[in-house]
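The task is simple: from the sequences and hints, build the whole structure.
Here the working numbering is used: the first residue of the sequence shown is 4, the next is one more, and so on.
FYI, nobody ran anything at the bench for these hints, they're computed from the structure. All figures in this text were calculated on a predicted structure; none of them were measured in a lab. One or more hints might be untrue.
Within a straight-line C-alpha distance of at most 30 Å, the following computed DSSO-like cross-link-like pairs (lysine-lysine) qualify [as the list claims (entries may be wrong)]: (1) K262 / K276; (2) K276 / K182; (3) K182 / K262.
Derived CB-CB ranges, DEER-like [what the hints assert, rightly or not]: (4) E274 / H32: 30 to 40 Å; (5) M4 / E274: 26 to 36 Å; (6) E49 / S161: 37 to 47 Å.
Heads up, the beta-carbon is just placed ideally off N, CA and C, and yes, glycines get one too.
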Amino acid sequence: MIRSMTGFARCESRGAWGTLAWELRTVNHRFLDVGLRLPEGLGALEAAVRTRLQKTLVRGRVDAWLRFQPAAGGSLSLNTALATELRGLYGELADIWEFEETAFNPWDVLRWPGMVQASGIDTEVLEAEVLALLDSALTGLQEAREREGAALTQLLLSRVDAIAGQTAALRDHLPHLEKALRERLQARLHDSAQQVDAGRWEQELLFYLQRQDVAEELDRLDTHLAELRRVLQRREAAGRRLDFLMQELNREANTLASKAGDSQVTFASVELKVLIEQMREQVQNVE
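In structure tokens:
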């Protein structure tokens, strides 16, 4: 079953260290685009978090927020080693650019990643909980995306059935189309009051039938519809494959319209274009 690129999940965990909460939100995007926000003191987990997101998600814009509220009674401490290192770098920069070392805002230093740390917390335990909670959030996100994907699948299959109905009706109409064309050519010849060789007449008739023959386009449409049904039942990401099939369906519908020999073929080609466009809009949201 296909998955939608739209989804939302939230998971929360409480422990001696405080409260953690992951929020994941995804929307459609041509590629995988990750926006990540981690609280102060947990920035070291960015690489591990991105790896988990990339292993689970294939396409879509992903906004991931981690919120951390330390337990009451905890205290904050300054990362003195980092502060000392930054002070040395600032002094070197002041010498190079020749400005007063006092020209800085201490609050900017406190906002530096990793400068302020929560004391009394086992960092390893907290980081393990963050990643475990992320796994739970990703599971919930995938379930939400699969539920919406199931709805998309039914919508797309209904359009596939409608297109198949149009192609079947056109196949039944082809003998009538040939008969009508033959009668129309005969009427024109009769009105022209000219004698035409029987062999030449059959050649002209064959020429016009070939120009308006849509059997090949109908065969290709049926092939694409069969592939669509197959792709819609796959578990892996199918969005790009569906994009390609929409292009192929649209190409056949355009060719069908260019060969339209009567009102029924014209009407069917218009209906096909409408149905294909409805599918194309929905496919844009498939992972």
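Which constraints among the numbered hints does this structure fail? Numbers only, ascending. When the structure is compared with the hints, none of them turns out to be violated.
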